[in-house]
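The chain contents come next:
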Amino acid sequence: MNALVSDSWMRRALLGLLVLVVLAPAFGWASGVVGYAEPLENAAEATGAADAAAPIAPGLLPDYAVPGLDAPLGTLVSAAVGTGVTLAVALGAGRLLER
Amino acid sequence: MHIPDGFLDPLIAGLFWVASGVAIGIAVRRARDKLGDERTPLLGVVAAGIFAAQMLNWPIPGGTSAHFVGGAFAGILLGPSLGVLAMTAVVTIQALVFGDGGIIALGGNLFAMAVVDVLVGYAIFRALRGVHETGAAFVAGWGAITVSALAVGLGVGLSSAFAYELGLTVSIMVVGHAVLGLIEGAITAAVYGFVANARPDLVLGRFDDDSLSPEVGL
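Chains A and B supply the protein sequences, listed in that same order.
At position 75 of the first sequence (counting the first as 1) the number is 75 in the working numbering, and the numbers step up by one without a gap.
The working numbering runs 99 ahead of the 1-based position in the second sequence.
Hints may contain errors.
Claimed, not checked - Per label pair, the in silico range of CB-to-CB distance:
{"hint": "1", "chain 1": "B", "residue 1": "A226", "chain 2": "A", "residue 2": "P72", "range": "37 to 47 Å"}
{"hint": "2", "chain 1": "B", "residue 1": "T233", "chain 2": "A", "residue 2": "A88", "range": "29 to 39 Å"}
{"hint": "3", "chain 1": "B", "residue 1": "G124", "chain 2": "A", "residue 2": "G92", "range": "10 to 20 Å"}
{"hint": "4", "chain 1": "B", "residue 1": "G124", "chain 2": "A", "residue 2": "D70", "range": "19 to 29 Å"}
{"hint": "5", "chain 1": "B", "residue 1": "F306", "chain 2": "A", "residue 2": "G16", "range": "44 to 54 Å"}
In short, the hints are calculated from the structure, not lab data.
By construction, the Cβ of each residue, glycine as well, lies at the ideal position given by its N, Cα and C atoms.
Please model the entire structure based on the sequences and the hints provided.
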């Protein structure tokens, strides 16, 4: 991993990831202001399926929030954790598959 | 775009699982000889970047919002097999850690975002890049997300929760994402243009599958 971080494109890429993570709370706030709805939710409304959603596992950080933390901070922590976990899982899977 | 649990009939959810399982299995097998000291870190960074970018909901006045999905981008940058792997990591973590998309519905979400979005985006890019590379990336991002929306529209439209209103679900999904897809296409083209300009050797989708560029030293 140290060798990875010393590569210049990798360092810039990690910096780019950090910028995206820091931006997440601002976007979360802005989309809340306009009222968040995706076409799938609209389709559910139109066909009476809106109440059919029945999560069987809410996840550790449901809806990208940290239970007990306010929205901007919870979103920031979720973005950081999710980005880090995704990086680790994809890197780890890639290394395992290398021959 | 993420389907929650409760939306899909068991049969539809199962078919989605089979289809995405086959596609991801093929991608895993084909990815083996494409990974290496240069490309494995790229796989990790692209997957993490797409996760982070999906958290940025672009607010659209009038009460809607859209986020970049990134399957086409992954397919263009990583090629089809590594692109499918990157998106599989993103969509699975969204479901398991954040409850974004259901567990039973994960097969459907993988099919739409990790298989269709990646493969259709890659195919469109390959077909059009001779005409105009950045333009091809735009059409790939836009077209692929629209076809993915069609897949989701079909899946929910064939399910009892949506009263089998297939025409309605397909039209809402396809029209909605065809409009929002303009943002997907624009981001795909912009980031593609940036990467292709800075490090053309990293854009695996530009190379033929059987003659990938040699690993590039740093």
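Now for the hints, and whether the structure bears them out:
1. Between A226/B and P72/A the beta carbon distance is about 43 Å. The supplied range of 37 to 47 Å therefore holds.
2. The hinted window of 29 to 39 Å between T233/B and A88/A holds, with their beta carbons roughly 32 Å apart.
3. Taking the beta carbon of each, G124/B and G92/A are about 19 Å apart, inside 10 to 20 Å as hinted.
4. A beta carbon spacing of about 42 Å between G124/B and D70/A contradicts the range 19 to 29 Å that was offered as a hint.
5. As the Cβ distance of F306/B to G16/A is approximately 23 Å, the hint placing it in 44 to 54 Å is violated.
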